[in-house]
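J.: Let's have the full structure, built from the sequences with the hints guiding it.
Sequences listed follow chains P and E, in order. Using the working numbering, read the first sequence as starting at 4 and increasing by one per residue. Using the working numbering, read the second sequence as starting at 4 and increasing by one per residue.
For the record, the hints were derived by calculation from the structure and aren't laboratory data. Beta carbons: idealized from backbone N, C-alpha and C, even for Gly. Be aware that a few hints might be false.
Listed next, the stretches of chain E that the computed footprint assigns to chain P, with coverage defined by at least 3 CB atoms under 8 Å from CB atoms of chain P [what the hints assert, rightly or not]: (1) 51–58; (2) 62–71; (3) 142–154.
There are 2 protein chains.
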Amino acid sequence: MTPHAAVVLLSGGMDSATAGAVARDEGFEIYALSFRYGQRHVTELEAARRVAERLGARRHVVLDIDLRAFGGSALTGDLDVPKDTPLDRIGSSIPATYVPARNTVFLSFATAWAETLGASDIFLGANALDYSGYPDCRPEYLEAFERMANLATRAGIEGRRLRIHTPLIELSKSEIVRLGNRLGVDYALTWSCYDPTPAGTACGRCEACILRRKGFREAGMADPIATA
Amino acid sequence: MTPHAAVVLLSGGMDSATAGAVARDEGFEIYALSFRYGQRHVTELEAARRVAERLGARRHVVLDIDLRAFGGSALTGDLDVPKDTPLDRIGSSIPATYVPARNTVFLSFATAWAETLGASDIFLGANALDYSGYPDCRPEYLEAFERMANLATRAGIEGRRLRIHTPLIELSKSEIVRLGNRLGVDYALTWSCYDPTPAGTACGRCEACILRRKGFREAGMADPIATA
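T.: In structure tokens:
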């Protein structure tokens with residue numbers, strides 16, 4: 004049996020690597036998609052490349068899109084990356100690292116690729132529990148995107164149903180770590196930090212580092228990535 | 004009174020030029036957005052630049068996005084542009100010029116820009132009457148996009164409502180021509196043809212040329228653009 008194709012959005016972080024492992028575990032043939040969107044650093048794209056290779060992706064496309072043309076986010080260099088946010092404050096408001104409409108742009112390209120592949124499945128590592136409060140990680144947003152995408156494409160017209168899989172949406176960061184371990188994800192290949200040190204280690208102080216540390220700590224495991 | 008900002012998607016064609024004129028007529032300050040997405044020719048981007056200038060756009064951003072990475076459309080060079088389709092067959096099925104998820108990708112970027120501008124209004128020249136049968140021009144698609152975009156962004160969370168304006172959605176091509184004339188659109192600046200001749204004139208045979216000709220003929224006007 005030929006496996007079905009699925010487009011997997013890979014950022015290089017632990018969540019998307021785990022979502023990719025779920026897709027592989029469910030028997031999908033993986034078409035990995037990443038973006039060079041004006042991030043402050045390319046470490047995460049190198050991580051995405053390693054993760055795609057380890058997942059055995061059939062193809063890995065890295066698209067150039069310049070979200071810097073619009074500005075408005077710490078991740079594209081306009082604002083400072085917030086540091087040392089207390090854990091109980093993370094997610095309580097939209098932080099400066101929010102990139103306007105990023106998941107919408109990413110999922111739109113995934114929809115375009117799925118359509119040209121004739122694929123009906125897209126995997127996204129969105130998580131609405133231990134997350135930074137981005138509006139485009141909420142389940143109601145993702146359901147609305149799926150509905151829209153089915154109206155946007157041949158798939159909907161031809162009676163196939165395009166499905167946005169978000170296997171991590173209701174998991175805590177430690178549950179994600181445990182799931183990934185069960186599925187053989189090598190988290191040493193992944194990268195989370197928004198603001199690496201000049202020496203190339205994770206800063207340990209941005210929200211991504213804080214949530215990652217929480218995940219490994221609560222899962223009772225050591226993070227294989229070095230932190231400053 | 005400072006006019007409100009609106010993002011206007013400008014392709015360089017007559018529909019988006021007319022939608023832009025409606026936005027200007029309604030008092031919006033125009034932020035024009037176009038895409039270099041791997042089109043077969045750049046004539047339409049030159050037209051978009053002229054139209055943006057004539058509309059008095061505050062800014063005109065041309066984003067580079069490579070939809071060719073996925074393939075699957077005559078407009079990005081993978082298939083032949085259909086010619087001489089009978090008028091009564093246009094729109095009866097999805098033609099080869101359909102670019103998978105194109106409006107979704109375009110509207111996603113418009114949503115991102117609107118969010119960084121703090122704008123609540125996006126104008127799109129989509130038309131569901133004299134059109135080529137693309138699924139992403141249908142009113143039910145556009146309503147689903149608007150709903151999704153309001154969940155995707157700060158606008159929705161903060162109680163503003165992002166609105167996708169499609170002032171041409173129910174107009175025939177000749178009604179569009181008449182509306183544009185009333186609003187002072189100079190159609191000599193616009194470009195519709197999918198497949199210009201080597202001499203740079205419109206081919207007169209692709210679906211875009213056929214629909215354009217129908218519009219001017221039924222409006223009882225001459226098209227200022229030369230056709231082969």
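J.: For each hint, tell me whether it holds in the structure or not.
T.: Here is what the structure says about each hint:
1. Requiring three or more residues with a Cβ within less than 8 Å of a Cβ of chain P, the coverage given for the segment 51–58 of chain E is violated, as only 0 such residues are present.
2. Note: the segment 62–71 of chain E has 6 residues with beta-carbon separation from chain P under 8 Å; the three-residue rule is met and the coverage holds.
3. Only residues whose beta carbon comes within less than 8 Å of a beta carbon in chain P count, and the segment 142–154 of chain E has 8; three or more means the coverage holds.
Consistency note: the structure conflicts with earlier hint 1 alone.
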